[in-house]
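Undergrad: In order, the protein sequence lines correspond to chains A and B. Note that numbering that gives the first Met the number 0 has the first sequence beginning at 0, numbered continuously upward. Note that numbering that gives the first Met the number 0 has the second sequence beginning at 0, numbered continuously upward.
In case anyone wonders, no lab produced these hints; they're calculated from the structure. Beta carbons: idealized from backbone N, C-alpha and C, even for Gly. Mixed in with the good hints there might be a few duds.
Claimed, not checked - Output of the computed footprint for chain A on chain B, the stretches with three or more beta carbons under 8 angstroms from beta carbons of chain A:
1) 7-14
2) 187-198
3) 219-228
4) 240-248
Said to hold, decoys possible - Covered, in the sense of this in silico footprint (three residues per stretch, anywhere, with C-beta under 8 angstroms from a C-beta of chain B), are these stretches of chain A:
5) 35-43
6) 57-68
7) 133-139
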Amino acid sequence: MAMHPLLKDHILPLRRYALALTGNSDQSDDLVQETLARAIEGAGSWDPRRDLRKWLFGIMHNTHVSAVRRRVLEGEVAGQIASLASEAVPASQFTQVHFSETIASLMRLPDDQREVMVLIAVENFSYKDAAELLDIPVGTVMSRLARAREALRGSPATSPSDAPAANRPALRLVR
Amino acid sequence: MTEPISEFDLMAYVDDQLDAGRRIEVEEYLSRHPHLAAQVMDDLCRRDELRLALTEAATVTGVDRAILPAERLGRRLSLRKVLHRSRRAIAASFLLATGWLAHATFGGFGADPASAAHIMPVYADEAVEAHRTILVEERNALFTRTAAAPERIADLATGGNPAIPLPHLPRTFTPVASHLVPWDHGNAVQVLFHNPSGDSLTLFAVETDSFSIEQPYAEEVDGVTIAYWQSGWFAYVLGGSGDRDDLLTLAVRISR
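With the rest of the complex left out, here is chain B (with noise of 0.2 angstroms):
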């Protein structure tokens, strides 16, 4: 003998929570109960308008800030499953996690520059990765020029407590977007600028975890041309596709 519907049962077939039989047995139900029948088509219908019209809200909003951070999460997610695959892998999984500490250690935050002349640090890596992304961003206008001031983002990046300062670029440099970008030690904003003659340049600023004052210093990493400073607790890294020395100079200027 089946059991009686109940009021749980109907909530259940509007939410799709029932299995096969149930549902069978729910319709044959409705079907001999019009007026309840009425108001689950009546639930139906309202659940439906709810997907369509927030659907419709989600996808109308402009700048698409969580591209960048998604694209970032799911190579993450997808070094996990690569590590998960066997006992081997999880072996490995130490010796990454080794290795990424001695780089930070002794490549990235409180870096010796005697010890470690120029090895770039851990910050420096993430601004060229989302230098190269927002430029492919850019080309294939993924996103339209922000509403968002840069130092709102800065503000955003660390809960307000304390901003990052962000230093200032000639006013012949127009900022075209700014992004939170996550990385390792929390969150770094990231501000597109265009050059007089159009040419695309970030500056990436972050948080980071030990006190220093570093000079500029310019290199060229995978095709992109960065120049890296510390100033206190900010660390910053301005990346384009120009001269090195241009780069530097600009480098020293805007960090005093």
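Looking at chain A on its own, in the form it has when it is part of the complex (with noise of 0.2 angstroms):
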């Protein structure tokens, strides 16, 4: 059966955000599905003039935000870093090795940080639609982005926190 035209763009972009925020590909799954639910759940009050994508990615947040209080309320917090990078990448490539360094180097990221690192540069959401999606100031989104940054830049022993934040110019509103 055909994917509807209005969604059939969004479960990949969907996918890629719950693998990231979840770092496991059963939990990424369980995870698309429960925002699916909760968007059926939420279509009828759905603005059609509103962005669909931010809308979704917005539900995903926020369901993936309360999962995982729930885990830490069940005393259940998962041991998930970079299992991903082993059990999802396709086997016999030249690119294989490398794929999973970029995973595993993205899911050392602190969560805020990879948070905003693959809303803006996966997905490609505007720093006003992300800070708007993750009900936070776009200068907390664009500080968060520029520390991600400078850990994927760095050798993957240097943690975020040692990053040298004397020596970065301090990030200025343009508009």
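With the hints as a guide, dock the two chains, each given alone in a separate frame, to form the complex.
TA: In structure tokens, the structure reads:
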């Protein structure tokens, strides 16, 4: 059955974001499911003038946050980091190792930096839209992004908090 | 006079957030600062790798459990678009909502068996739709045999408190796939079975918002034979293409 035109372009990006958030393909699959279920429940209040993609990502983000809270309450915080790198990447390719490293370095970022990195660098959201869907100020989005970039540039051993903040000019909002 | 190029501009350049004018200014600046240009190239390269790697990882997943709910969400959103188009349509949505409420009140949950004899409950309607969808998916090989046990899906449907209890079909029925199906009142569990002759049969199970005990009742809807019953807080629908009485017999057998 052909996927609905309104949605077919959004499933893959939602999957990517779910993978980045959970770091685990089973959990990301569940997250996509739960996001769609919540979207269906909330479809009655969706305003067609709104950006569908941003709406869906916002639902996914909130769903993830409450799932993490639930898991923390249940005392089963997942030791998930980088398991994704080995399980989700196709074998027998020259690029495999490289992809694994790329994903592993993404998964090593703190959650808040990883979120903005994926929303902006991978999903191409504007700084403003990312800020709105994460419900944080634009300045915070940009400083998290800058720290994420620094961490990705550095060696894998460099923890982001070690990055010398003093070397960086203060970020300034242009518009 | 143009503003000096800041670190923010370089970051916004990588993220494609600058207007054309500013982008050209950044590029001119970078041509005079090869060291920064190399760093920007490096960031661009990492960005592209990240996109590729995540896309690859997101595409590899086996069973596509997103198709069914995405289809469903698409239909709902299209309806919202249609309803949004004119004031008349908005008025119509009130009518629709009222009609749905009446249906839900009298025909669905908490149906009064005396006054609404065999008005099909809402969940049975959903089960028919889900049954037809999964058959199309099966014919077109849109999913592979699922690894998830039906019980795990039943657990997921309610967030585990309590899981929807699933009736046991005879051992000759083989479970082929299980899905979470979002519907108006939460999540339903749908399990696709093959009977010994290889015919497809679905079991649809939901948590309802009213306690009731209803014996199985069978009917044919849009070419799908269904048998539905309610057992306490949970309602079940068997869907298939075979004989109505056979399905009813099976429903009676597994509902006990």
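Undergrad: Which earlier hints can't be squared with this structure?
TA: Hints 2, 3, 4, 6, 7 not satisfied by this model.
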